[in-house]
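Could you slot chain B onto chain A? The hints should help.
Residue numbers (the working numbering), protein chains in the order written: chain A, -19 to 236; chain B, 18 to 399.
These are calculated hints, taken from the structure and not from any lab test. Any given hint might turn out to be false.
[Unchecked claim] With a straight-line cut-off of 25 Å between C-alpha atoms, the simulated DMTMM-like cross-links for lysine to aspartate or glutamate are:
| # | chain 1 | residue 1 | chain 2 | residue 2 |
| --- | --- | --- | --- | --- |
| 1 | A | Lys177 | B | Glu77 |
| 2 | B | Lys247 | B | Glu121 |
| 3 | A | Lys159 | B | Glu40 |
| 4 | B | Lys39 | A | Asp7 |
| 5 | B | Lys286 | A | Glu203 |
[As the list claims (entries may be wrong)] A short list of chain B residues far from chain A (calculated; beta carbon distances all over 10 Å):
| # | residue |
| --- | --- |
| 6 | Leu48 |
| 7 | Lys57 |
| 8 | Ala151 |
| 9 | Gly153 |
| 10 | Ser170 |
| 11 | Thr193 |
| 12 | Pro199 |
| 13 | His219 |
| 14 | Met223 |
| 15 | Asp250 |
| 16 | Phe252 |
| 17 | Ser296 |
| 18 | Glu366 |
| 19 | Glu380 |
| 20 | Thr385 |
| 21 | Ile393 |
Since we're looking at a predicted model, the values are computed, not measured. Ideal Cβ positions, reconstructed from N, Cα and C, are used throughout, including at glycine.
The chain contents come next:
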Amino acid sequence: MKICVCVKHVPDTAATIKLAGDTAFDDADVKFISNPYDEFGIEEAVSIVEKEGGEVVIVTIGKEAATSTIRSAMAMGAHRAIHVKTDGQFLDSTLTARALKAVMEEDGLPDLIFTGKGSVDTESFQTQYRLAKSLGLPIVNEVSTLTLEGQKAIAQREIGGGEKQVLELGLPCVIGATKGLNEPRYPKFPDIMKAKKKEIKEMALSELGINEADAKVTMEKMEAVPERSGAKMIEGSVDDQVTELVRILKEEEKVI
Amino acid sequence: MDFDLTKEQEMIRKEVRNFAQKEIAPIAGELDEKEEFSEKLTRKMGEIGLFGMFVSEDYEGQAMDYISYIIAVEEIARVDGSQAATIAAGNSLGIGPIFYFGTEEQKQKYLPKLCAGEGLWGFGLTEPTAGSDAGGSKTTAVLEGDEWVINGSKIFITNAACDLTMGVTVQAITGTRDNGKPEYSCILVEKGTPGFKAVPMHKKMMWRASNTAELYFDNVRVPKENILGKKGDGFHQMLQTLDGGRLSIGAMGLGGAQGGFDLALKYAKEREQFGQPISKFQAIAFKLADCAMEIECARNLLYKACWLKSNHRSFEKEAAMGKLYCSEVMSRVVDHAVQIHGGYGLMKEYNVERFYRDQKLLEIGEGTSEVQRIVISRFIGC
Chain A
-19 MKICVCVKHV PDTAATIKLA GDTAFDDADV KFISNPYDEF GIEEAVSIVE KEGGEVVIVT
41 IGKEAATSTI RSAMAMGAHR AIHVKTDGQF LDSTLTARAL KAVMEEDGLP DLIFTGKGSV
101 DTESFQTQYR LAKSLGLPIV NEVSTLTLEG QKAIAQREIG GGEKQVLELG LPCVIGATKG
161 LNEPRYPKFP DIMKAKKKEI KEMALSELGI NEADAKVTME KMEAVPERSG AKMIEGSVDD
221 QVTELVRILK EEEKVI
Chain B
18 MDFDLTKEQE MIRKEVRNFA QKEIAPIAGE LDEKEEFSEK LTRKMGEIGL FGMFVSEDYE
78 GQAMDYISYI IAVEEIARVD GSQAATIAAG NSLGIGPIFY FGTEEQKQKY LPKLCAGEGL
138 WGFGLTEPTA GSDAGGSKTT AVLEGDEWVI NGSKIFITNA ACDLTMGVTV QAITGTRDNG
198 KPEYSCILVE KGTPGFKAVP MHKKMMWRAS NTAELYFDNV RVPKENILGK KGDGFHQMLQ
258 TLDGGRLSIG AMGLGGAQGG FDLALKYAKE REQFGQPISK FQAIAFKLAD CAMEIECARN
318 LLYKACWLKS NHRSFEKEAA MGKLYCSEVM SRVVDHAVQI HGGYGLMKEY NVERFYRDQK
378 LLEIGEGTSE VQRIVISRFI GC
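Here chain B stands alone, though its shape is the one from the complex:
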């Protein structure tokens, strides 16, 4: 058994950490406070190669292994959840489906710009009335001549309504299967297509510097060729995309937990009460010891899931476990971290407050904790 990362993976970690500390840390609090998505910062992240990390060089991707991608997300999340969201959604949900299921023409058309961070792409799955019950979605696409005509709406779609957005992949009902259930397909819709509207969502509790959108499709017509893969593949494509996406959400939980722990440990060593640093009190030291242990477990679980994926083994169960465990570890760690900060942990001047808020999404987005437990329980034969 070899727990060592490769030299390149170590270097990716070092360089991304350096970038995150110098470029993101100084402005993360302000962007969060203003609820501002930064195009400039997104472009900078694109310049060093944070988009298209697992995409081959044929489409100007960075051609790296999946663990490197996960390490990069982890290191960004260690500093700021919002920017990690832009990266994780950009790669796993925006770029991923086009790279894995797109035609050569679609890949050549969209991937180079997306991999350079000069454009973003949304993945429209969740609907106002269809969350965990993805089968309950209502958006439809009907083939009329050489065009798909799309009607419906989507909600909570990351990276879908900013100036950098180039378009979205939308999952829609395109017919009925033999068993009477709806047939789904994914269709690419470019920004600016008549009838397609993307509206930014505000007043979020967390990920306030990431871009979230509501999408409206009102008789949107796109060429027949805009379908992703084959007609009827949509459900499968969505499941596969979410399996990979879970690893990146896991990385956000792991990185966020590490970031919250770093803040708590530093504070506990500096803060003195009753004549000594509070880290010397067992009540605090034990909390920190538990955090360190859980983060270690979370990292091992998540990296193993990535290793399985990289080695083309079945990884779906471990991905669900990694997503669930990492997000819940972050929940416990940031809870301790705020407690250790005492009253200061409740103030925006202290970054730990942002970590506390950003955590909550991870137990809800890309499959709630409950859905992950359903997935795991099916794998173990319940």
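Just chain A, with the same shape it has in the complex:
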């Protein structure tokens, strides 16, 4: 079985982000990691292949430095990788999905595709749907339990209120992985050493006929989330408090 796992190289959510210019941030001191949800996908793919045979191919669309994330995935047991290089950190979901599709078609369509349920940096939650649609494949996102039975995948997802939805899909399909699917393993040191010998095929976005200028979404501005100002306590009798509140809402905040 051939499984493709789409892995994104993202800034650690615990990192301190300093803005640099209008649409970028200074990444010099920022720690980058594999998108945590993608790691559930890597673990699932590797354990399926360990049981059933086959290969796990990592597909990453990202800047040069994403190699470290790809090597980590290989140290977890993926066999080879394809890295489509971009100039910056941000590529919109449409182009990302197009690049993933082009890579998979060129490499040979897999039997199963994993993505994370979303990426922790841009949180658009679109790429996996766009990829599935463009390949004409079924998709389930936020999968927390997965079993394969022949040419079928049985996927469970939480739908709130403690309820679970169980879905059956034909293979090939796209699975958006989330917490609960498994416990991603820590790479063993010898596997880290072996990972450096595994193949990473590198290509430019333009080699896939994709132009970054065609993005449907462009970044206008990046801003730090404003710090919340402190609460203001209104004193006095209930009548006074209500009168003052209404005055603030009308005159200062101008919301009513």
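Chain B in isolation, oriented as in the chain A frame:
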């Protein structure tokens, strides 16, 4: 000159840091408080490859270079001294002598399990009456027929009295040299050998989640073949083992200093007094600047010593310097770190308190700071 680590060394650092933060950090305080050695955590550390890092694949080691090993110890120590002690002693003192001096049969018998973290091995050197004066030890081994008969006791032996312990290497007097001084040899003693008793030591100030033992040998009989290397090699083997061990103790000082500094910097940026974070006050900022500078120096010195070892050059002087400097840097850094934390730094709820205690061992174990100064002074020709 190239100060860059290799891609693999960078990855080892990243993966060990990740492991330490996820698996060790959440329970380090509790294990310390309960003075509990965790077999489960030790096995987990074994699973990712933290034991047998410099041992070849022939014995199921991880076949990595010495700097990678030191980086791994540093990253564990950045989070917890006790677990770093289990790793450093396990590799340098438990696995090291068997790997470097053992026969093919001994290596095949013990190393695969030790390298998987499924077993631990102690190194019995220090005795109740022989610390820095290793030549004053009294434990003896007498060859009777095909067996060594061992009598004596050892103290402060890491990894030697837990369920995972498989045995110990014990240094004993096996005769008299031509110059009239005692002749030493190292002998392997398996757990469960009649007359051999290992008793865990409690009420420690530091490294409370690591296993420390007192060893008793009462007419312990082991086969003649259990000798490590040749009869009379014991003193040399001990010196060589301690040279390597110093690098790992240095790594514990470096990692501990970095960990203490991380805590202090974070706290100083969060804690506000007189209307601003205390990191903005020169009194605090200068302390932190000094810490950052000393840690940088310590890292460069220690890595250079490892580089010398990896390149089969003489490294004994630099190892002594690295051990001494890193442990004293940690002492100064954690002192500043507790001071910066103020009253909170005295409370167990704050990890910096544990770093403050764990530091003290590094100036005493595997050759005190004074002994390191003797070693260095001899190298420079005093």
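Hints broken by the structure, by number, lowest first?
Violated hints: none; all satisfied.
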